[in-house]
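4 protein chains.
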Amino acid sequence: MKRQSRNLRKKIIKAAQGVFAEKGFFKTAMSDIAGESGIAKGTVYLYFKDKSDLYVSSLDDHFGNAVQILTEVEQENISAKEKLQKITSLLLSYMNRFKTFPLFGFDNLNDADKVTKGLKSMMRTRLKQMIQLIAKIIDDGIKNGEFSSVDPEKTSVYFLNTIRAVLFAKFFIPGMTVDKSVGLELFFNGLKKRR
Amino acid sequence: MKRQSRNLRKKIIKAAQGVFAEKGFFKTAMSDIAGESGIAKGTVYLYFKDKSDLYVSSLDDHFGNAVQILTEVEQENISAKEKLQKITSLLLSYMNRFKTFPLFGFDNLNDADKVTKGLKSMMRTRLKQMIQLIAKIIDDGIKNGEFSSVDPEKTSVYFLNTIRAVLFAKFFIPGMTVDKSVGLELFFNGLKKRR
Amino acid sequence: MKRQSRNLRKKIIKAAQGVFAEKGFFKTAMSDIAGESGIAKGTVYLYFKDKSDLYVSSLDDHFGNAVQILTEVEQENISAKEKLQKITSLLLSYMNRFKTFPLFGFDNLNDADKVTKGLKSMMRTRLKQMIQLIAKIIDDGIKNGEFSSVDPEKTSVYFLNTIRAVLFAKFFIPGMTVDKSVGLELFFNGLKKRR
Amino acid sequence: MKRQSRNLRKKIIKAAQGVFAEKGFFKTAMSDIAGESGIAKGTVYLYFKDKSDLYVSSLDDHFGNAVQILTEVEQENISAKEKLQKITSLLLSYMNRFKTFPLFGFDNLNDADKVTKGLKSMMRTRLKQMIQLIAKIIDDGIKNGEFSSVDPEKTSVYFLNTIRAVLFAKFFIPGMTVDKSVGLELFFNGLKKRR
DNA sequence: CATGAATGAGGCTTCATTCAT
DNA sequence: TATGAATGAAGCCTCATTCAT
Chain A
1 MKRQSRNLRK KIIKAAQGVF AEKGFFKTAM SDIAGESGIA KGTVYLYFKD
51 KSDLYVSSLD DHFGNAVQIL TEVEQENISA KEKLQKITSL LLSYMNRFKT
101 FPLFGFDNLN DADKVTKGLK SMMRTRLKQM IQLIAKIIDD GIKNGEFSSV
151 DPEKTSVYFL NTIRAVLFAK FFIPGMTVDK SVGLELFFNG LKKRR
Chain B
1 MKRQSRNLRK KIIKAAQGVF AEKGFFKTAM SDIAGESGIA KGTVYLYFKD
51 KSDLYVSSLD DHFGNAVQIL TEVEQENISA KEKLQKITSL LLSYMNRFKT
101 FPLFGFDNLN DADKVTKGLK SMMRTRLKQM IQLIAKIIDD GIKNGEFSSV
151 DPEKTSVYFL NTIRAVLFAK FFIPGMTVDK SVGLELFFNG LKKRR
Chain C
1 MKRQSRNLRK KIIKAAQGVF AEKGFFKTAM SDIAGESGIA KGTVYLYFKD
51 KSDLYVSSLD DHFGNAVQIL TEVEQENISA KEKLQKITSL LLSYMNRFKT
101 FPLFGFDNLN DADKVTKGLK SMMRTRLKQM IQLIAKIIDD GIKNGEFSSV
151 DPEKTSVYFL NTIRAVLFAK FFIPGMTVDK SVGLELFFNG LKKRR
Chain D
1 MKRQSRNLRK KIIKAAQGVF AEKGFFKTAM SDIAGESGIA KGTVYLYFKD
51 KSDLYVSSLD DHFGNAVQIL TEVEQENISA KEKLQKITSL LLSYMNRFKT
101 FPLFGFDNLN DADKVTKGLK SMMRTRLKQM IQLIAKIIDD GIKNGEFSSV
151 DPEKTSVYFL NTIRAVLFAK FFIPGMTVDK SVGLELFFNG LKKRR
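Chains as they are written, first to last, in the working numbering: chain A, 1 to 195; chain B, 1 to 195; chain C, 1 to 195; chain D, 1 to 195.
Honestly, I wouldn't trust all of these hints.
Pairs count within a copy or across copies, as identical chains cannot be separated in the list.
As the list claims (entries may be wrong) - Restricting the straight-line Cα-Cα distance to at most 30 Å, the calculated cross-link-like pairs of lysine-lysine (BS3-like) are:
#  : residue 1 : residue 2
1  : K136      : K120
2  : K11       : K128
3  : K170      : K143
4  : K11       : K51
5  : K27       : K192
6  : K10       : K49
7  : K192      : K143
8  : K117      : K86
9  : K10       : K81
10 : K128      : K143
11 : K51       : K128
12 : K170      : K81
Since the hints were made in silico from the structure, they are not lab data.
All chains should be built: construct the whole structure from the sequences, respecting the hints.
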């Protein structure tokens with residue numbers, strides 16, 4: 001009954017994440033997702049209002065997992081720097097497994113249609129959660145002398161982008177292996193020569 | 001007549017950049033672009049093979065402009081750091097004016113359809129150009145003692161992502177003003193406390 | 001339990017009349033009716049074969065009420081003309097309360113599908129009943145010298161249309177108040193000048 | 001070019017009138033009409049915004065023809081009564097040929113959806129035209145002593161309904177032949193006995 | 001008797017692309 | 001070269017109906 005519904009909803013989301021990952025929002029047909037879920041087309045609409053809703057929901061699920069990862073790491077008993085390193089590893093690994101998960105970045109963020117509206121709203125919420133968790137880690141690092149006194153929240157945004165840069169390089173710059181250590185090294189030490 | 005062709009081609013690209021910026025690839029109709037160009041739908045196909053071709057071409061034009069900016073700055077007679085600062089300003093300003101120009105980042109980079117294929121190929125070429133120009137600046141900086149001895153190319157990638165992070169924050173994190181100086185500060189000095 | 005069945009059937013019909021009135025046959029969803037009845041969708045199918053059956057049944061109920069009205073008035077101890085006037089008032093009032101009840105008149109009477117077939121058959125039966133009752137009144141009027149010697153049945157048809165004309169005018173001709181007295185006046189006296 | 005367009009539009013309307021007549025609005029598929037017109041589905045949308053638009057347009061065409069008939073008869077040099085008789089004949093004959101043309105009367109006039117809205121608006125306009133033409137005839141009849149001094153417009157409404165009653169009877173009351181003379185007789189002379 | 005989750009056929013509409021002019 | 005009318009494939013979504021519980 002209710003239990004079963006939950007399961008099916010989850011099942012659809014999983015299928016959707018896979019298909020959206022492969023084809024993107026527009027080229028994905030609802031029938032693809034239904035087929036992948038092993039259910040009828042109409043059934044999807046019992047769980048999601050429309051394609052946009054399903055898309056946003058499937059991304060929200062990814063972000064939920066990311067937040068979960070951050071939450072857990074944040075509570076571990078290691079140094080701030082180690083936490084950031086661990087987060088980098090875990091998020092990269094997650095994104096590698098689930099290619100859809102766009103840490104951020106979409107074709108078109110200017111239009112005001114249904115998808116974008118839901119997406120923006122969802123992402124703002126989720127990113128706020130992520131940024132707050134990272135900011136807390138950075139703040140702790142500042143307090144215990146690991147980090148210089150930067151703005152924790154703004155720095156969190158850059159930290160997330162550092163992670164993204166790794167994927168980006170992998171995808172667009174063949175031959176260049178920008179593994180995470182390069183990005184983190186730069187993130188921690190900066191470009192300027194230290195004396 | 002060659003002259004005329006060129007002009008019309010340029011005109012279509014300009015129109016396409018505007019419409020794609022507003023609506024994204026999928027929601028943009030060829031007729032929108034034709035209308036915006038003041039020509040007939042069929043005429044667009046005399047200059048571009050198909051919608052994907054036009055899309056990639058319109059982005060390529062943007063990247064061409066970006067490369068042009070980098071080329072000019074690279075040749076200026078200022079410090080490496082100042083060059084990077086100037087590039088940041090100019091690219092951000094360009095992206096602000098032309099919202100479509102996605103320094104990088106699209107909905108879906110995993111699919112193998114027409115658009116992505118052309119896009120990937122074009123972007124790899126263009127990004128290589130950009131990265132080489134930036135790498136040269138960084139290399140100069142290293143040589144003259146401004147920067148520590150990082151990998152110039154990989155650092156370039158990270159540099160471009162830093163620029164992107166500014167736009168990203170602006171869009172997704174309302175209330176947070178992540179102006180470019182924060183990013184650059186971090187990029188140059190790193191997170192770790194310097195003694 | 002037979003009692004209970006009856007009640008639920010009646011309840012569904014009442015709900016159906018309301019929803020069909022508001023949305024028409026095609027735009028009404030079975031779930032709307034189920035919801036309005038406070039029961040589950042599947043349950044409706046225990047009482048009615050399909051949507052068409054329910055539609056025809058819900059109209060048949062209306063016609064049953066109309067026949068009831070005619071039957072009662074016919075037996076009253078007033079003049080034939082007064083009976084017709086009273087019937088006009090009562091039917092108009094009934095139709096006003098139950099907007100669905102289409103004294104007659106549907107979008108499409110030519111098709112041979114399920115709905116129309118059942119509808120036609122039901123309406124023929126019901127209209128025959130109504131016409132016979134009115135014809136009896138008219139016949140009495142002829143016999144007692146109130147009316148000229150028309151064909152009672154055919155005249156009954158025109159009488160019903162007279163009633164309908166009132167509703168029709170109200171709906172389609174804004175600003176024009178064709179109250180029942182106008183139609184009846186014409187029906188009784190005709191257009192030609194009497195000397 | 002423009003000429004051809006006009007023709008195709010007309011062709012589609014003719015096809016639409018036929019199919020709508022046979023199946024009604026909801027059961028008619030746009031593909032039916034396209035097929036009947038001998039063109040592709042998409043082409044219909046070059047001439048009509050959507051199905052509702054086509055429906056209303058196809059009925060408007062019928063009403064235009066009816067208005068044309070009235071206009072011509074009104075100008076003839078015969079008595080008012082003869083004009084009304086002629087109109088009755090011509091409209092009945094037209095409606096017989098084109099079964100769709102619903103002098104008036106649709107399933108559901110209460111809902112506020114697209115079809116009904118356009119339909120209502122169109123019909124109000126067209127009926128006003130028809131009523132004014134008939135009212136002029138009746139007014140002339142009153143002035144020249146043929147008719148008693150009724151309200152010309154309201155009587156026009158009633159007149160149109162009389163015509164409709166003929167079709168109605170034919171359809172719903174098998175075995176009863178209510179030819180037009182019965183209706184007109186009643187319309188002119190009324191039910192009450194004349195002395 | 002009652003439920004309501006699941007089904008899947010079916011219809012409207014969009015739009016990239018072609019081609020006769 | 002330029003046009004734009006015509007095409008028709010493709011996809012989202014609705015909803016009557018069924019059936020296992």
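Here is how each hint holds up against the structure:
no., hint, verdict
1, K136 - K120, "within (24 Å within a copy, 37 Å between copies)"
2, K11 - K128, "within (27 Å within a copy, 41 Å between copies)"
3, K170 - K143, "between (35 Å within a copy, 27 Å between copies)"
4, K11 - K51, "within (15 Å within a copy, 33 Å between copies)"
5, K27 - K192, "neither (45 Å within a copy, 44 Å between copies)"
6, K10 - K49, "within (15 Å within a copy, 33 Å between copies)"
7, K192 - K143, "both (23 Å within a copy, 12 Å between copies)"
8, K117 - K86, "neither (32 Å within a copy, 34 Å between copies)"
9, K10 - K81, "neither (35 Å within a copy, 50 Å between copies)"
10, K128 - K143, "within (22 Å within a copy, 40 Å between copies)"
11, K51 - K128, "within (25 Å within a copy, 37 Å between copies)"
12, K170 - K81, "both (24 Å within a copy, 26 Å between copies)"
Hint check: violations occur at hints 5, 8, 9; the rest are consistent with the structure.
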